[in-house]
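Turn these sequences into a full structure, and let the hints guide you.
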Amino acid sequence: MLKKLIKIATISMISGTIMFAANFNAQAEKDRHAFVNYFLKKFENPVANRAKYFPYVPIEELKKDYIYPLKFEDFKNGPMSWYRPAKEQFAEINDFPPYEIPLDDGKELFTKPFANGKTYSSCFPNPAIKQNYPYYDTKRDEIVTIGMAVNECRVKNGEKPLKYGKGDIAKVIAYLADKSRGQKINIKIPSANAAKAYEAGKKLFYKQRGYLSISCNECHVQSAGKRIRAEALSPALGSTTEMPVYRLKWGGLGTLQRRLVGCIKDTGSEKPKMQSKPVKELAYFLTYMSNGMKLNGPDTRK
Amino acid sequence: MKKLLLISTITVAFLAGCATNYPMATNSVDSAIANAQAKYNKAHSEMVAWGMTKKTIEKAKALAKTNPRKAIALANEAAYEADTALAQSAQYEKIWRAAVPK
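Here the protein sequences line up with chains A and B, keeping their order. Going left to right, the first sequence walks through residues 0 to 301 as numbering that gives the first Met the number 0 numbers them. Going left to right, the second sequence walks through residues 0 to 101 as numbering that gives the first Met the number 0 numbers them.
Simulated from the structure, these hints should not be mistaken for laboratory data. Nothing here was measured: the structure is a model prediction, and the numbers come from that model. Check the hints yourself; a few may be wrong.
Unchecked claim - Only part of the chain A face toward chain B is listed, based on derived beta-carbon distances under 8 Å:
no., residue
1, D30
2, F34
3, G209
4, S212
C-beta atoms are modelled at their ideal positions from N, C-alpha and C, and glycine is treated no differently.
Right, dumping it as structure tokens:
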């Protein structure tokens, strides 16, 4: 009798957990569909929808410089997807992509043996894996980013971890990204705690902060498609596909973590640490929003 | 004569105020910095602190002995920033969901 009771209780708990996760996935999918539809509608016809989405952009500029209608996949190109002057500049820059040299360095680092004779291949036999990162590791009960995976591989092989954000780590990730080019982003929410992490990332994205009292959302959703002075604001949709990115502002490659930390600092907030829980949660949420989009990194941005 | 008396009373009162000002400032500079630090710690732990608050407290600490008046002003400024950051977070906690596309 007791055994039966325990069995029933266990089954109920497991099914309850599964149902909760499934329900949360449904909510996250609802969020994602609404997010994608917002961008598709916004860039369907900026001239016709000027009053709703682009009230301060001169009509002549909308007619002359805006590219539309945009499809889902177009958003992976950031401001180059909708802003003609940026697209032309981008095409010229990418005649000789500035990320090519660091990408070659990344290949060399990836194939160069560690002191123990093994290489990164011992951890990543198939390097086309970037579409699955960041993922929620249910055993460790935390989000694992691709940078963490690279460093854990190094430590496992007796090497020192690399500094996050730029330099060699960005080069190795660039190699993995290049091998994953064309793969569709596939982020999952496998547990109740993963759902909590997604929700925390979502809050960080939408909640205003810092002495400027702005949020990621205000610049990269509501104001995406507008300009700050001469700079075109990139849409949040597809913003993780090009990572790691060669930014002309940085004069080198940088990771998604570096970009997110920089964005948070730009709101006037205290700069969080790379790979800290909130930054990983933000990356998790933001990458989930671009689920199904093809990876095109490394790429170049201003 | 009355005028002279009034002026000298004011002068004495002013000088007395100045004479007692320094020890008062030394006491209050510590409490002002402690107050700012406590508020900043709270904002920092909730990940809502503003970018310049920590630096402002550090500046206040550096000036505590040499220029207590300025140090108090800086500490109060930092406390105000931390308070405002916490209030801002509480306010937006109620409304951020309204920004999520539906």
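Comparing the hints with the structure gives:
The interface hint given for A:D30 holds, since its Cβ lies 7 Å from the closest Cβ of chain B, which is under the 8 Å cut-off. Against a cut-off of 8 Å between C-beta atoms, the interface hint on A:F34 holds, since the closest Cβ of chain B lies about 5 Å away. With its C-beta approaching chain B no nearer than about 6 Å, A:G209 sits inside the 8 Å limit, and its interface hint holds. At about 6 Å, the closest approach between the beta carbon of A:S212 and any beta carbon in chain B falls short of 8 Å, and the interface hint on this residue holds.
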